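Engineer: The listed protein sequences derive, respectively, from chains A and B.
Number 131 in this note's numbering belongs to position 131 of the first sequence; there are no gaps in the numbering.
To convert a position in the second sequence, counted from 1, into this note's numbering, add 479.
If you are wondering where the hints come from, they were derived from the structure by calculation, not from laboratory data.
Just so you know, these numbers come straight off a predicted model, no measurement behind them.
In this text, a Cβ means the ideal position worked out from N, Cα and C, and glycines have one as well.
Any given hint could turn out to be false.
[Claimed, not checked] Here are some of the chain B residues that sit facing chain A, going by a computed Cβ distance under 7 Å:
| no. | residue |
| --- | --- |
| 1 | Ile517 |
| 2 | Gln528 |
| 3 | Gly692 |
| 4 | Thr696 |
| 5 | Gly824 |
There are 2 protein chains.
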Amino acid sequence: MTPEEFRDAGHRLIDWIADYRTTIDQMPVRAQVAPGEIRNRLPDKPPQQPESLDALLNDLRDIIIPGITQVQHPMHFGWFPSNASLASVLGDITSSGLGTLGISWESCPALTEVEQVVCDWLRQLTGLSEQWQGTIHDTASTACLTALLLAREKTSNYSASRGGLQAEPRPLIVYTTEEAHSSVTKATLLAGFGKDNLRMIEVDKYTRAMSPGALVTCIEEDIARGCQPAAIVASVGSTGVTAIDPVAQIAGIADENNIWLHVDAAMAGSAMLLPECRYLWEGVENADSISWNPHKWMGTILDCSLFYVRDPEHLIRVMSTNPSYLRSTVDDEVTQYRDWGIPLGRRFRALKLWFHLRLDGPDAIRDRLRRDLDNAKWFASQVEKTADWQVLTPVNLQTVCIRHQPAELEGEALDAHTLAWVNSINQSGQAFLSPAQLENRWMVRVSIGVEATTREHVKKLWELMQSTANECFSKNHGE
Amino acid sequence: MTPEEFRDAGHRLIDWIADYRTTIDQMPVRAQVAPGEIRNRLPDKPPQQPESLDALLNDLRDIIIPGITQVQHPMHFGWFPSNASLASVLGDITSSGLGTLGISWESCPALTEVEQVVCDWLRQLTGLSEQWQGTIHDTASTACLTALLLAREKTSNYSASRGGLQAEPRPLIVYTTEEAHSSVTKATLLAGFGKDNLRMIEVDKYTRAMSPGALVTCIEEDIARGCQPAAIVASVGSTGVTAIDPVAQIAGIADENNIWLHVDAAMAGSAMLLPECRYLWEGVENADSISWNPHKWMGTILDCSLFYVRDPEHLIRVMSTNPSYLRSTVDDEVTQYRDWGIPLGRRFRALKLWFHLRLDGPDAIRDRLRRDLDNAKWFASQVEKTADWQVLTPVNLQTVCIRHQPAELEGEALDAHTLAWVNSINQSGQAFLSPAQLENRWMVRVSIGVEATTREHVKKLWELMQSTANECFSKNHGE
């Protein structure tokens, strides 16, 4: 394809995207397709001849769009806000158009240095001190794995450079809670610690936050039995209920015992753009690593997860490679981001943050975050004052965990009712909610914060929830 | 930013990208900036007010473009072809525009199912049998780490589900060669095996391919000393010299000893679109995992690395998580690609392959690959018939490893001469080459295969190389 053909096709595609983004609110929120339906509509053999852009655009309209759960829809209240602000989309398009290669500073100096700049801008915008240096990972899962590798190598005094984890005499232990994201368990297993060496520390019954007392007890028991505490992963805004672990107290315990502390603020990091929210991660300056996702609530299109460390030398020592074919004459003077994460080749991800922050400006982002916090408070207040409805956990941010709990229902019957009304809403396509378990019982997470979601949409959701829950209850339990 | 503002900005950006791609060949190939120069030109404080698209476009022109080593330039012969075909760029733009979220099948059924389809198209196009199932990773580094985790867990009978790697009594061993990509060593260390348990198997002096005899001997010695062979990583087209390990023989050895075999065909995978090249990975059907990068020579914009396995159940068992907040009513019927790799959240990467294959068509891609193979042969023949010039290793694909070696020079003087003339070319901006070490001596890799590179460009490079090398020699060693 020539640049002139690209120009024509690109203009048509931009129009197509703008039209799509204009009409999202008229689509069902959750994709209304059955498993295999999309695959069955696509040829199982690769194309033989070149096809036209028209063919592609038709398939996008007829096959792809119906197969998308519209997370940019104002009535999407599931999982977490996965905002793809159009300013950041422009940055992502620029990255694609440039077709750069990030494997060393030399292969694209701009890629490295703009990343340094935007990571530092976000550091300042979230109130972190100058001791933190950052990079962009794809996701918080990868950041957490990296953090646990750093912890493993620090505790074992760089076992990877010798006999590896197998040569370490004392079992290395990781501490977190059941509320932590599933990626913490995954990272623990992938890093080789083993499930038996992962401790799920007790949480507060109501706040679901890690109990510092229980953490201390567990560490003491592990040391007494000859184990070596290696890492603590504290959650600031857990995925299930937005639980906030007490970072300051945990950091004190980590420091006393020389344990690596990783703060997973994947969700809550966005809130740190608001000074009034920063008390939620008080003590974070004493952590060893932090990750948070601008690709969630803040709205820089996925994938964009920030990973900050206080000691880049340790990071580089654990993650670096330096083959001859990647050396250049200026290696001593530059940052090689390949040594800050797992992949060698990297896209020019910094551009989406650069465009987002410059075109929208931090004030507009902060205003929107505050709007969502207000909407969550308002919604929680409505739920609280309504009979048979309950808010189950503290509303720390923009997620409200609730249940419709008529007096007649408990245990499995209540579970069945919860899943029935939420599935009914999801199937209707009018709104989307993700249920989750709290102490092994289903509840519903209302995650507010899509860029397009206004108070009106939250009101509409609340009406829909009440009517659907009541209808389900009447149908299954009524007269 | 509203969709209408995006429409206007997007059109301007598309024109900007098309103009940029039209003028790449007039730019210096290697970025002509000093370390820190770009960073110093950007504000160290985050923006306070929203800025205009004009401000961004001006900065792209004045600051970013000069900071890019132009890997799409027809005179780029460094590292490897990192082609970003414009058809695939359109697919990447579509992915950005849609702003989808890949965390489960339910969050975007189309993302999952188009990925299944295109991975299967590429399977067919490269002549692999139906036993292989694929997914898209960011890079071959991540694919290699995943493969070694699969090997570790298979050999240790899922140690991660118990006491982890530390509880395994016998040291687990990984086998590869010095020619293998640096990511193999990195993955071995990150997966916890430890450097002492990584064996660099002897290679053939000329082809740089792994010696099967040496591999067998090493495995036997390891078993005799109580170690447990766990993984072999064979390279098909190594980064340094495009070495081709003998996969069939290695697969036989792996099978006999129950060792996981990962085939790293990051570079050579593209060649497998050509039936006449498939002898290069003969025996690949008996491997356990394969990775290769359409984002290299084939030209699907980075990041796009394919990872195939024969036993997805093992992959899922090692990599899966299933938290309550990600469950849906159809989980038994669908593929969850989060369980096929490290990150949870995934972009809609399949679109760039889908656009690339459909808009360009496989024939055009194959024609281009054959053009590059011919150019490499032609170039090698020119070098071979010229006094004082040497082709150092077999030209298996599109990379030609050479040296200018006047009789007067050897050892460190030769090294100095090699680096002098290649640095002179790179500094001139007229072409870019990456030097690398072969048996601890510098040589020059001429990697042919940029989409825009024709025979004329290769001729121009050859003239430039001769004149520059001669000039450097005269200056430093002449009368």
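Engineer: Determine for every hint whether it applies to the structure shown.
Structural biologist: Outcome of the hint check:
About 4 Å separates the beta-carbon of Ile517 of chain B from the nearest beta-carbon of chain A, less than 7 Å, and the hint is met. The interface hint given for Gln528 of chain B holds, since its Cβ lies 6 Å from the closest Cβ of chain A, which is under the 7 Å cut-off. Contact between Gly692 of chain B and chain A, as hinted, is not supported at the beta carbon level, the nearest pair being about 26 Å apart and thus beyond 7 Å. Proximity of Thr696 of chain B to chain A is violated relative to the hint, the smallest CB-CB distance being about 22 Å (cut-off 7 Å).
At its closest, the beta carbon of Gly824 of chain B sits 5 Å from a beta carbon of chain A; the interface hint therefore holds under the 7 Å criterion.
Violated hints for the displayed structure, listed by number in ascending order: 3, 4.
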